[in-house]
Structure formats: structure tokens, C-alpha cells
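Hey, can you work out the whole structure from these sequences and the hints?
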Amino acid sequence: MIATPHIAGYSVLSKRRGVEMIYQLALQAGVISTQLASMHAISPQRLYITDPSASWQSIVLRCFDPSVLTENMKQTLSAANHVGTAFDKLREDFNQRYEFSDVEVVADGLQDADRKILAALGFWFA
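Its first residue numbered 1, the sequence shown is counted upward by one per residue in the working numbering.
Check the hints yourself; a few may be wrong.
Restraint ranges, calculated between C-beta atoms of paired labels, are given here [stated by the list, open to error]:
1) Gly18 - Ala113: 16 to 26 Å
2) Asp112 - His82: 23 to 33 Å
3) Pro52 - Leu25: 41 to 51 Å
4) Thr50 - Ala120: 46 to 56 Å
5) Asn81 - Ile2: 41 to 51 Å
6) Asp65 - Glu104: 15 to 25 Å
7) Ile2 - Ala80: 15 to 25 Å
8) Leu25 - Leu47: 25 to 35 Å
9) Pro44 - Asp65: 15 to 25 Å
10) Asp112 - Leu25: 40 to 50 Å
11) Gln45 - Tyr23: 14 to 24 Å
12) Glu20 - Arg46: 19 to 29 Å
It should be emphasised that the hints constitute simulated quantities derived from the structure, not laboratory data. Cβ atoms here follow ideal geometry from the backbone N, Cα and C, with glycine treated the same way.
Written as C-alpha cells, this is what we have:
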């Protein structure tokens, strides 16, 4: 069984999009008057792959491995006196998940078939 404290919309990109929407509304409403650089100009997460035997599966799991989160969640909740509080803390600390579309893969030796699958999942390449 896989269990994570994941909350929809809590990826780094989702948070940035939310801030961007609020910023644009404030700009249009005149609450702020100066347009700053777009948040979309922020660099994506770069994932450097040096293992020549890397596959699309290993790259996906390196980006996000739910089994690691599951194990952490099981250990944390089984040791907690207050499960609800512990679960809320897990959610609060779960803030570094990147959407695949926000990850640039840098891998010179990656097979074409793996590259195509990763691209179909939303990853992009330098």
C-alpha cells in the first residue's frame, strides 16, 4: 500500500501558479502598480542524471518516489501520540514536490525510448 501526505495543488509549480494569479489580480485591480518579471521566468528544477544505465522509471522515482514518503509516514504516524497533529505536520513539511512539467532532465546517455516516455510524461530536456 502506498500512502502519502500529498495534497492536490501543493507542488512547487502549483504554489507558484497560485501566487502568479494573485499577483496578476492585484496588478489589474491597481493594488500594485509595477509589473515585475513574470514568475514563469523562474528556472525549473534541474535533474542531472550521470548514470548511463538510467531508465525513465528511475528518473521518475528520483523526481518523486512515493515509497519513501509512505515509509516516512508509517514511521511517523506509528510513533505519534497525536496522529492528527503528526499528519498535519507531515503535510506542512511536504513542500518540495515538483510537477514533471517543471523538471528539466540533463542526461547525455539516456536512451531515445526513455527520453520519449519522459517527454510524454511532461519532463523536458536541455
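Evaluation of the provided hints:
Roughly 36 Å separates the CB atoms of Gly18 and Ala113, a value that falls outside the hinted 16 to 26 Å. A hinted range of 23 to 33 Å is violated for the C-beta pair Asp112 and His82, which are about 51 Å apart. Here the CB-CB span from Pro52 to Leu25 is close to 48 Å, well matched to the stated 41 to 51 Å. Range check, Thr50 to Ala120: Cβ separation about 23 Å, and the 46 to 56 Å hint is violated.
Hint check: Asn81 to Ile2, Cβ distance near 25 Å, so the stated range 41 to 51 Å is violated. For Asp65 and Glu104, the hinted distance range of 15 to 25 Å is satisfied, since their beta carbons lie about 19 Å from each other. Taking 15 to 25 Å as the suggested C-beta distance range, the pair Ile2 and Ala80 conforms, at roughly 19 Å. A hinted range of 25 to 35 Å for the beta carbons of Leu25 and Leu47 is consistent with their spacing of about 33 Å.
At about 19 Å, the beta-carbon gap between Pro44 and Asp65 stays in the expected band of 15 to 25 Å. Here the CB-CB span from Asp112 to Leu25 is close to 43 Å, well matched to the stated 40 to 50 Å. Distance hint check for Gln45 and Tyr23: the Cβ-Cβ separation is about 21 Å, which falls inside the suggested range of 14 to 24 Å. Range check, Glu20 to Arg46: about 21 Å between beta-carbon atoms, so the 19 to 29 Å window is met.
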